[in-house]
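S.K.: Sequence:
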Amino acid sequence: MTDPPSLSDRLALQRTSLAMLGLGLALIQLYPVRAGMLGYGAVGAAALVMLTGWLRFHQRRKEIEVC
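Residue numbers (UniProt numbering): 1 to 67.
Don't read these hints as lab results, they were simulated from the structure.
Computed from a predicted model, the values in this text were never measured in an experiment.
A portion of the hints provided could be inaccurate.
[Said to hold, decoys possible] Derived DEER-like restraints, expressed as beta-carbon distance ranges:
#1 Leu30 x Ser6: 30 to 38 Å
#2 Arg61 x Arg34: 38 to 46 Å
#3 Ser6 x Glu65: 20 to 28 Å
#4 Glu65 x Asp9: 21 to 29 Å
#5 Thr16 x Glu63: 19 to 27 Å
#6 Leu30 x Glu63: 41 to 49 Å
#7 Glu65 x Val33: 43 to 51 Å
#8 Phe57 x Leu23: 17 to 25 Å
Ideal Cβ positions, reconstructed from N, Cα and C, are used throughout, including at glycine.
Turn these sequences into a full structure, and let the hints steer you where they fit.
M.R.: Okay, here's the thing in structure tokens:
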């Protein structure tokens, strides 16, 4: 089993996903025709990263409760 990521790694991942979300929303708002697909891609990738983090958080919390 691999070691869980450190707190700084998790915070960096959250900051990255929030930055991707902000970039995607800005691209959609500023250039909806030309950069729309790139913006939607950034929003989708950020949502995927945040969903993965949320699922891992709940899985880890259940493991801790069992102990």
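S.K.: Give a verdict on every hint.
M.R.: Here is how each hint holds up against the structure:
Hint check: Leu30 to Ser6, Cβ distance near 36 Å, so the stated range 30 to 38 Å holds. Between Arg61 and Arg34 the C-beta distance comes to about 43 Å, which sits within the given range of 38 to 46 Å. Here the CB-CB span from Ser6 to Glu65 is close to 21 Å, well matched to the stated 20 to 28 Å. Checked against the given bound of 21 to 29 Å, the beta carbons of Glu65 and Asp9, roughly 23 Å apart, stay inside it.
Evaluation of the 19 to 27 Å hint for Thr16 and Glu63 yields a pass: the beta carbon distance comes to about 25 Å. For Leu30 paired with Glu63, a C-beta distance near 43 Å keeps the hint of 41 to 49 Å intact. In this structure the supplied range 43 to 51 Å holds for Glu65 paired with Val33, their Cβ-Cβ distance being about 49 Å. A beta carbon spacing of about 24 Å between Phe57 and Leu23 agrees with the range 17 to 25 Å that was offered as a hint.
Checked against the numbered hints listed earlier, the structure breaks none of them; every hint is satisfied.
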